[in-house]
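Chemist: Take each chain as given, in its own frame, and dock them per the hints.
Chains W and L supply the protein sequences, listed in that same order. Residue numbering for the first sequence follows our numbering, starting at 15 and increasing by one per position. Residue numbering for the second sequence follows our numbering, starting at 159 and increasing by one per position.
Source of the hints: derived by calculation from the structure; they are not laboratory data. Among these hints, one or two may not hold up.
[Unchecked claim] Covered stretches of chain W (chain L as the covering partner; in silico rule of three or more C-beta atoms under 8 angstroms from a C-beta of chain L): (1) 27 to 39; (2) 94 to 102; (3) 207 to 219.
From the three backbone atoms N, C-alpha and C, an ideal C-beta is built for every residue, glycine too.
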Amino acid sequence: MPLNLRAAVGRAYPRVIGALREPSWTFFDVLLPLLGIAAYIYYYRALGAASSFEGFVVLGGAMTAFWLNVLWGMASQFYWEKEIGNLQLFLVSPMSRMALLAGMALGGMFSAGVRALSTLFLGLIIFDVHMTVEEPLFLAAVFLVTLIAIYGMGMMFASLFMLYGRDAWNISNLLQEPIYLVSGFYFPVRALGPWVSAAASIIPITLGLDAMRQLLFGEQALGLLPVATELVILCVLAVAFLVLARYALRYMERLGRKEGRLTLRWQ
Amino acid sequence: MAYALEVSALSRAFTGKQTVVALENVDLKVKEGELFGLLGPNGAGKTTLIKILSTLLLPTSGTAKVLGYDVDGEASKIRPLINMVSGGETSGYGLLTVRENLWMFSQFYGVPGSVARERIDGLLKAFGLEDKANAKVRTISTGQRQRMNIIRGFVTDPKLIFLDEPTLGLDVTTSRTIREYIRDWVRARDDRTLLLTTHYMREAEELCDRVAIIDRGTILACGPPAELKRRMNHASTFVMDTTSFDPAPLSAVRGVKGVSADEIESGKRVRLVLEDESAISDVISAVVSRGGRIVSLNKVEATLEDAFIEMVGRGLG
Ligand SMILES: Nc1ncnc2c1ncn2[C@@H]1O[C@H](COP(=O)(O)OP(=O)(O)O)[C@@H](O)[C@H]1O
Ligand SMILES: [Mg+2]
Numbered sequence: 015m016p017l018n019l020r021a022a023v024g025r026a027y028p029r030v031i032g033a034l035r036e037p038s039w040t041f042f043d044v045l046l047p048l049l050g051i052a053a054y055i056y057y058y059r060a061l062g063a064a065s066s067f068e069g070f071v072v073l074g075g076a077m078t079a080f081w082l083n084v085l086w087g088m089a090s091q092f093y094w095e096k097e098i099g100n101l102q103l104f105l106v107s108p109m110s111r112m113a114l115l116a117g118m119a120l121g122g123m124f125s126a127g128v129r130a131l132s133t134l135f136l137g138l139i140i141f142d143v144h145m146t147v148e149e150p151l152f153l154a155a156v157f158l159v160t161l162i163a164i165y166g167m168g169m170m171f172a173s174l175f176m177l178y179g180r181d182a183w184n185i186s187n188l189l190q191e192p193i194y195l196v197s198g199f200y201f202p203v204r205a206l207g208p209w210v211s212a213a214a215s216i217i218p219i220t221l222g223l224d225a226m227r228q229l230l231f232g233e234q235a236l237g238l239l240p241v242a243t244e245l246v247i248l249c250v251l252a253v254a255f256l257v258l259a260r261y262a263l264r265y266m267e268r269l270g271r272k273e274g275r276l277t278l279r280w281q
Numbered sequence: 159m160a161y162a163l164e165v166s167a168l169s170r171a172f173t174g175k176q177t178v179v180a181l182e183n184v185d186l187k188v189k190e191g192e193l194f195g196l197l198g199p200n201g202a203g204k205t206t207l208i209k210i211l212s213t214l215l216l217p218t219s220g221t222a223k224v225l226g227y228d229v230d231g232e233a234s235k236i237r238p239l240i241n242m243v244s245g246g247e248t249s250g251y252g253l254l255t256v257r258e259n260l261w262m263f264s265q266f267y268g269v270p271g272s273v274a275r276e277r278i279d280g281l282l283k284a285f286g287l288e289d290k291a292n293a294k295v296r297t298i299s300t301g302q303r304q305r306m307n308i309i310r311g312f313v314t315d316p317k318l319i320f321l322d323e324p325t326l327g328l329d330v331t332t333s334r335t336i337r338e339y340i341r342d343w344v345r346a347r348d349d350r351t352l353l354l355t356t357h358y359m360r361e362a363e364e365l366c367d368r369v370a371i372i373d374r375g376t377i378l379a380c381g382p383p384a385e386l387k388r389r390m391n392h393a394s395t396f397v398m399d400t401t402s403f404d405p406a407p408l409s410a411v412r413g414v415k416g417v418s419a420d421e422i423e424s425g426k427r428v429r430l431v432l433e434d435e436s437a438i439s440d441v442i443s444a445v446v447s448r449g450g451r452i453v454s455l456n457k458v459e460a461t462l463e464d465a466f467i468e469m470v471g472r473g474l475g
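The shape of chain L in the complex, shown without the other chains (with noise of 0.2 angstroms):
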């Protein structure tokens, strides 16, 4: 088989006192054995897409195909071949062991008792969590919690994992692990294919296989990071240190036609994102004109931030 996952013109709309249209018309192919991101700020429907795939929500038109099977008439086949951990996660009985808690969830999917205590052990020990296997639930920190959540996730020997915001306000060692294990969980078998998703863009240029830009329910771009890089190799990106002045930096260039902007240090340094280089004087005499000073400007290669922004017209901030 080739896909893991087959998503076409999906589209889920939430009804209340004001229709949100969380996703809109996507279409979107993953190939088994992927590595696979969904890069999007806040409120872009990564969660809501992530639901629908694991079961949880079905589409208000469209269709999905998880597996080979469809998320609508066949979840029943889907389940038992997935599992999901969201970054943000508060589930467990805090009155269990971090063990206890483990091995109850993989008894949901039926792991006989003595491989699930091997698959406990050793996932433990890659996530640095040995010491904490006896300790309760309730009393370790938010950082060893999301680590027992990831493992919840690995210990049913999943197919294909769907992870939330896996990193998601963890500190750099913790992510760092975390990513390490995502990478090489997939390497280690061909048949393995892990769909993350993020808005922090490192995470995703250095993990992903492939990426999809999603912004406010559609797709903007996916393809590998390289390649949406790539797409960008007729701009030109600059970065530009300037006094500050009044507007700020960053909108007196976003004026400027043919550039998108992104501010990375406030009213300091920005980044362009120039269409054609040419423009270049243009910027120059919007910021001299409004009576800043150039300090410093550099020409950088482009990253996945640079695609992003020209895509989105904004950063994801």
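So that you can see chain W by itself, here it is in the shape it has in the complex (with noise of 0.2 angstroms):
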């Protein structure tokens, strides 16, 4: 196996483990977000939206796992990484610094998929939601897409923030609420008028999850754009993402190099 391999799946592995070694942590990554979807359904139901809103919810909730996990696991992990000491370790080995963001990101998407899925089946059973999907390989294929080019731009934010450890911490605080709502999490992104729900689609998630609808609940979805459409725009923005990331963190290591800021003062 290539070093570039083993190196990506050594970093992985203590978050896939993680998922599997603390399941409490599991537990409440999941009560979390079905309590966001519950209210949000007693909120819809209140209002006699449409049953098909409530599943939207339920795919927002459990999608919401992914998005946590680019913030908390990939954009802002290299302040703590730095902290502990493990950031400089990843520097000194040979490994390709790709290896190591895909690592994260490979290790991310497992731990926060138990997650989802977990949302999703408890949600469709809790608040019995009903959704057909027509087309699986689209699905499947539109699904992939987002989660590449969501965890390409946490690994892009990861190399540019860093060296600037809490305010990477700050960002992500600042982005997590707004996200839901811009993005689209819990009702269909075009209510938000054309502008808006355009500007909203540089962050992945946001075609991800219109698409995702699409498949899932047809007409009702209210689409932004045609779902092939969709999925083209999301793989332009994965590629670009996992470019800019790249180039971004080959500054940055450069720059942290410079500076002395690959480290902290006192390690």
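Modeler: Printed below as a string of structure tokens:
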């Protein structure tokens, strides 16, 4: 096995093991989104919204796991890796920096995937939501490309924020709530009007959710663009973020070596 | 290839609110196969030098070559060949076991699974950590953690390893285990090089083929411990016990021309390095004239510590 594949697997390992070894984490990580889902569902029911809205909420609630993971497990990850002294060990090693990021992303996808599936499953049962999968392959493709695109974005932020520990943390905090809103986790994003939804589409989770909604709920999903178009845009975003991540990391590593900011002073 | 490390006119400054010059015009050559020690007090620049050599930090000026490659332009050629461990490190993931952690770090160097397993087993045994192999990292003690970190450095079978204060704060037994392993590791093959930093004089003297004494970013002397001591031969070393008096004995004797001194026991016992033995009479009068009495005065054999005291003008504390 080549070095970089080993390295990515090695870095993914603690995340995979974490999800399996600490089921209590998963419990709370599933419980909280379910509470959020419940709140929205009762709200929609009180308003007498179409039942498909309950489906949007469960789908969005499940996808939250990935979004939170991108923010906290990717974008601001290097902040505490630096604090505990791991970052410098990653960087003195010969592995490619993309293997490191890929390992973080793959491990994160797994652990977030466990949470997302649990949320989806429980949400469908508890709230008695129905959805029909007519084009499973299409759906799988949209889901996968969405994951690659949002984790690509996480990789880019991880690189950009490598040297800006606390600020990265603050920005993640800042992004968390507004994105729930503008990306349409719980309702069709078209409701926000063409300009906001177009702007929100730079964040891949927006189009990903929109496309999945269309594939699961058809007409009622009030899609923004045709699904095929959305898939193409998502592919472009995925590639763009991955390429940006690579150059950002290379640039920041060089800058960090120059300014002495890859390690903390006392390390 | 003759040199594992070639450092020339190397300087590193940190700019911030005020500029700190951590290394200034350092020249250093370490031969392949050497066990080399950097000895210096806190803040001397030891860690900064290691960070530059391990490709984490760029020089402000000057050059450094590691195993023939330049740290600035050829870092990717250096990285597969080296590893680095620092004493107080808290790396790894607490929910992984000791074995898993070691395996993970070995994967960043592409070590095949079975080879990694074999090496980890051997090293755990050598460091007396077998019974903790399956313990989660967050549950082990500081000393165990430090042994795990050292193992992490050797598991990738580097040609050159940097150990930054490897025995910092460890108990005597653990320190000895580590020192013995270090020595055996370098001796086992002639293309292995090890650079360690320490502020323990004994460690440098007992372990290293050569030592560089570093203080305030500059290298004051470099050579085998025995040679550094021999440079002292023209000088004489005494240990003096006195009654306590004001000002403290140390400051009294430090005022005497041609005398460097360090305190061994506060207010009571000092170590004196005299450029010329005749200065001893001035030392005696310095004590007596301040109302002190000499309890004993013995001439002793010079140690590396004396060389250090003479060069730096103070002890390591
Ligand atoms: N990142 C940094 N920013 C500013 N000053 C630093 C930084 N790293 C080290 N220094 C300073 O450089 C000097 C040398 O530090 P260091 O190399 O850590 O010494 P040692 O390892 O010998 O104790 C010290 O004065 C230290 O405060
Ligand atoms: Mg240090």
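Chemist: Which hints, by number, does the structure contradict?
Modeler: Failing hint: just 3.
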